[in-house]
Structures are given as C-alpha cells and as structure tokens.
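J.: Sequence:
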Amino acid sequence: MTILVTGFEPFGGDPENASEQVVVRLRDRSWDAEVELATAILPVTWDGAAPALLEAIAAHRPDAVVALGEAGGRAEVTPERRARNLGHDRIPDNAGVERPAAPLDEGPEWLDSRIDPAALVEAIRGAGVPAGTSGDAGAFLCNAVFRTLLRDTELPAAFIHLPAVRTRGAATVGSETDPGAAAAMPELTFDQLAEAVAACIRVVVSA
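Per my numbering, the sequence shown starts with residue 65, numbered consecutively.
Treat the hints as calculated values from the structure; they're not laboratory data. This structure is a prediction, so every number in the text was calculated from the model and none was measured. Using N, Cα and C, we set each Cβ at its ideal position, and we do this for glycine too. It is possible that part of the hints are untrue.
Now the in silico label distances, taken between C-beta atoms and shown as ranges [unchecked claim]:
id	residue 1	residue 2	range
1	Glu173	Trp95	32 to 42 Å
2	Ala165	Asp216	15 to 25 Å
3	Glu162	Asp127	32 to 42 Å
4	Leu118	Val161	17 to 27 Å
5	Asp169	Glu119	11 to 21 Å
Whole structure, please, built from the sequences with the hints as guidance.
T.: Here's what the structure looks like:
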C-alpha cells in the first residue's frame, strides 16, 4: 500500500518546519513490506502548494495521503476533523503574497476528513505523544492543502497539525493557524513527532 506523506518547507522567517523534519525522518526509516512510503515537501505559497500536492499524487499514485503541517500555537499533535472553505493569511507566504479572506471554492463550508481523526489520536497517544482532535485547520496553506485533498481527489486523506518544534529556541509562527495564539513551547522532539505520524500511517494501512 502506497502512502503519500507531505510536509511544508520553512516559512515566516523560521529556519525549520516540524512537518518537513518529520517527513525526512519517515523517509529514512525502514517500513514493513506492506508499506511503500512516498513523500513530498510543499512550498509555502498560495500559487504553489496545491499544484505541488496534486503533482505528487499524480507521480506516486498513492492509496492514501497523510498531509502534515505545523501549528505554532499548539503543544499537542492535532489531526484535523475538517477543512474550511476559507483562505487568507495573517503573514505573507514565502513569495510575499498576502491573500485577502475569501472562499477557496464554490463548495460547502466544510469538508470532513476521510480518515477518522479519533483513531489517529488514539494511535498518537499510544506512541506516547500528546494528541487531540481539532475542528479548525485555520485558513492558511495547511487548510488549503487539506481542502484540495478532499475536493480534488477521492483518496482516503487526513491532515495532521504538529507542534512547531525547533532544534533550538522557539518558533516565531503561531497565529497563522490559530488567531492570537502565542508560540507554544512543546517539550517534544522531531523523533517523537515522527513516531506519532508513523503510528498514524499504521492506522491507515490497517483500515
């Protein structure tokens, strides 16, 4: 079974993005024979993120997609329950573009995850990492990518927000996902986050 896992490049002036770091660790690990892992790092740009996602899907032809992003105001791993029909930013994207608040498409206000977020939370907690479901993926590119997955494909798909772990210091991002959120200081490592997402991948494979 081919699982595509995506993350994002660093943004907002920070040197790291937890989702990218986790993708690298998952790509480098050994997997059971029933798992073929494909990975992609998406640009943090309104013009580039969704096309890069769809290009990766066309190239790898996955059976399911687990998309990752980071939420600087959260201290636990949060699988998202749904994607909102809204796109805007509180900071410019990596191309300097600022998008005014507007619907992403002509569809309904919400599209629901096709992979049970509660099952993912149980798996993450089983890996020893704090987790909880989220009902709001924000309105920045994480939400836009999740919306693209649910709107433009029929694949089993999930989006998981990771705490903005950094090798040194604290993330400067946070409010792009949760308005007014102060940057959290999660006591987690990239390796722990990778274990949490690996547990989610096993849930997807066994479903």
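J.: If you check the beta carbons of Asp169 and Glu119, does the distance land in 11 to 21 Å?
T.: With Cβ atoms ~19 Å apart, the hint holds.
J.: With 17 to 27 Å as the target window, see if Leu118 and Val161 comply at their CB atoms.
T.: About 19 Å separates the Cβ atoms of Leu118 and Val161, which means 17 to 27 Å holds.
J.: That 32 to 42 Å hint for Glu162 and Asp127 (C-beta), does it hold up?
T.: holds (37 Å)
J.: Do the beta carbons of Ala165 and Asp216 sit within 15 to 25 Å of each other?
T.: About 22 Å separates the Cβ atoms of Ala165 and Asp216, which means 15 to 25 Å holds.
J.: Does 32 to 42 Å hold as the CB distance between Glu173 and Trp95, or does it fail?
T.: holds (37 Å)
Going down the numbered hints, you'll see the structure goes against none, and every one checks out.
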